[in-house]
Amino acid sequence: MIAFLLRRLVQSLLVLLAMSVLVFVGVYLIGNPIDILISSQADQAERDRAIVALGLDKSIWSQYGSFAFGALTGDLGKSFAHGVPALELIMTRMPATLELALTAMLIAVGLGIPLGMIAGLKPDGFIGKSIMAASILGFSLPTFWVGLMLIMLFAVFLGWLPSNGRGETVDVFGVPLSFLTLDGLAHLILPAVNLALFKLSLLIRLTRAGVREAMAMDYVKFARAKGLSSTRIVGVHVLKNIMIPIVTVIGLEFGSVVAFAVVTESVFAWPGMGKLLLDSINVLDRPVIVAYLLIIVSLFVFINLLVDIAYSALDPRVRLADSGAH
Amino acid sequence: MQEASIWREKLADFAASRIALFGLALFVLIVLAALFAPWLSMQNPYDLAQLDIMDARLPPGSTGGDGQTFLIGSDEQGRDLWSAILYGLRISLGVGVISTLIAVSIGLVVGLIAAYRGGRWDNVIMRIVDIQLSFPAILIALILLAVLGQGIGKIIAALVTVQWAYYARTVRGAALAEMSKDYIAAAKGLALSPARIVFNHLLPNSLPPLIVVASVQVAHAIALEATLSFLGLGLPITEPSLGLLIANGYQYLLSGKYWVSFFPGVALLLTILSINLVADQLRDVLNPRLAK
Amino acid sequence: MTTLLDVKGLKTYFATTLGEVRAVDDVSLAVAEGEVVGLVGESGSGKSVTGYSLMGLVDAPGRIVAGSVKLQGRELVGLGERDWRALRGHDIAMIFQDPMLTLNPVLRIDTQIIEAIRAHADVSAARAREWAAEALAGVGIPSPADRLTAYPHQFSGGMRQRVAIAIALLHKPKLLIADEPTTALDVTIQGQILAQVQTLATQMKTSVIWITHDLSVVSGLANRIAVMYAGRIVEEGATTDVLTNPAHPYTRGLLRSLPSQNKPGETLTQIPGAPPRLLGERVGCSFAPRCDQAQVVCSEADPDRTVAANRAVRCHFALREEVAV
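Residue numbers (our numbering), protein chains in the order written: chain R, 1 to 326; chain E, 327 to 618; chain B, 619 to 943.
Just chain R, with the same shape it has in the complex (with noise of 0.2 angstroms):
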């Protein structure tokens, strides 16, 4: 196991490491660095002053060098909009992000892997097809009209909750929490949702699928002969292996939920960082936009490694497999 822990960190370094030079090609090479870096306000003196402050008379390699050391030392440059360093800047709106992002998560899988065992397992009854038709039509809405929609309905004409922001929030340990008053939990309840539904009508499927394919097997027609309860045939036998590609997929679309935050954070004013990197796109921020790519690069490489460890923890063969032993 801790060989395994060990190999998979090395690998995840190694895409840290190609990820951070794609980027710096990206950011460096490809794009005119000097537009990229140095603020479009800048007069001739400033520009020519900045560019050997940024070192860019010297060689590609040294500077991917001096990057590289910035990126490690988490100095990426300070953000044209806000005056303060991008990484910084990021930092203090992560929080909001993951808060919206891990509650959204929450509800889509509290929701999402009842919803499809009761599907899969009366795949033909009534509500069995309502469950499918309500998560292709959850498939089928676009995430940002249904926030509009939302916004419209229980904001404008019902007036229960707010459309945007956070709310009142509590420290934590330094960190900013809205779920913890009853008015951020308010502020909170609409944007999760709004992000839910798609991951929600997804696990779905997922799981409606799985427990298909699982009651059809003959693991599950000798439990039953063994003369166990379905309750523990379907939370025990079908639950355990269902939910091996469920924790892989669950982990693998957190980041896609971080990533498509930003869409929701847009459309409910939510202080998070993707809609930081809105805005830093609309007014060409440079190095936020860097820094919020480099942040959610190593995110990702962080929940793939987790996956991979959740999913040997689970698979026994996997496990096994990886051990040597048979």
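No lab work stands behind these hints, which were simulated from the structure alone. Backbone N, C-alpha and C define an ideal beta-carbon position, used for all residues, glycine too. Any given hint could turn out to be false.
What the hints assert, rightly or not - In silico lysine-lysine, DSS-like type, Cα no more than 30 angstroms apart, as pairs:
#1 R:Lys129 / E:Lys336
#2 E:Lys336 / E:Lys480
#3 B:Lys823 / B:Lys688
#4 R:Lys122 / B:Lys629
#5 B:Lys688 / B:Lys790
#6 R:Lys122 / E:Lys336
#7 R:Lys78 / E:Lys480
Claimed, not checked - Ranges of calculated distance between the beta carbons of each label pair, as one might list FRET restraints:
#8 B:Asp677 / E:Ser331: 28 to 38 angstroms
#9 R:Phe302 / E:Pro520: 35 to 45 angstroms
#10 E:Ile457 / R:Leu137: 28 to 38 angstroms
#11 R:Leu137 / B:Ala755: 49 to 59 angstroms
Claimed, not checked - Under 7 angstroms between C-beta atoms, here's a sample of chain R residues computed to sit facing chain E:
#12 Leu141
#13 Ala259
#14 Leu305
On the provided structure of chain R, position chains E and B as indicated by the hints.
Leaving out everything else, chains E and B in the frame of chain R:
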């Protein structure tokens, strides 16, 4: 002849689902509406001379200054929403379909190369595919547009970039399964030309899964374009696609003028839904694992 | 001998979009205590569905539409799920064809044995564990206590089938339904499993219904043989009688197509044609289209089940004179 009968059988399987047929009919209707937009709409929404700012943000069913009826209301420039939606559909569908066609072509070529050449080619190509697919499409598209700037060509380029890897992986998988069969080894042993192996065997066998993935991806591409346009990174405001129409209505939503965002969204939803219904059935019909 | 299981006129149909599939159509079969009955037939003849029907494991769209299944006089058809559950694994147990698939791949062996123990017996965790190890030892698995914590993929196919047998026999059931448990195994392993089941069944006085497509498998094992064709038992009788004096043309065809019945150099005989689809109304004898002795009456009238001299046959032209001798 046997090939033809297989496809006919698949067609019959497809038609067995009423909901899929409904989706297909809806999709055809939407495509027809987009194609014949000039004849079905009361104005050209892109011709500013035809717009009257006095008609702005009229609710559904209102009568405009020239006595025309705004069936589902007008937007902030006095555009008839019905006409704007029909023209917007042209852009949304056009961008979605064109980008999918280009991406399918690239994916097909790259996937076949990976499967046929194998070895280092396969390794490099699949490593790129894997890395790309581990990042959400929206993120890649956002960054590309941030670097490239806006415009219809650029958004197509972005959509192609996020899609090609799916097709490459699908084609490679199908082609590899075919490559592992004995007759391909025999054909290679006979020194049959690679072109014949690729075109007569690998290509036809890659098509069913490719069709399934493409049908799903067209819907994704259309949704993604709408999302990017909504975020202000897609198409220019002069020729609004559905996403931009929805974005334009956002600011009026809070004052209760729902229709500017609502109806274009319904059109977008129906388009994506119809494609998804068709794609769902295609997957069941063309999936070799489910076939008897 | 006392009758343990008495099946009368059992019909299990499946509703499909094309119509009703009569998978089991009017099957009658009795199993005495301690008896081993071989249920032989081609795939699709309804022999597995018969087994599932006896276990109450027929799933929608299938259902038992008629008939009676009595275990020691108790009617099982129409039993509620709760009663079935108490019965399954306790009074009637079943093992399946592919041991790779019958054990859950992600659960440890001990979990899968102990849950079966506790489904029917209220015992302590320690006692359940002991019991599980004894059960493994009983089917010839070496160092059973250590093997308990293994996962199914760590066993070979034959060992897995032994584990499945151990689970099925945990509560010394009155009846074991073995649905082709040796088909997926190597020939040498087949023999071992066969012998193992025979020994254990004798020890526990468990009756066995051994379902197979292979007459030679049951010839040395079964007291009686029932031959199924198109959802029906076409011939049933004592093993030696059936093997030496087959009354039904289909049984004769089966026997002739056994490689061991063939002289070297001779071409193998086969039954021409394919099994019928079990859809729609039954007109005439189902075997008629493939039967070399079919007459006009065979395609017009469905033969009844006739019993004579301990032999039940469904054929207009059963070879009774030889039986009567």
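Review point. If you check each hint against the structure, which ones fail?
Key: Hints 2 and 14 not satisfied by this model.
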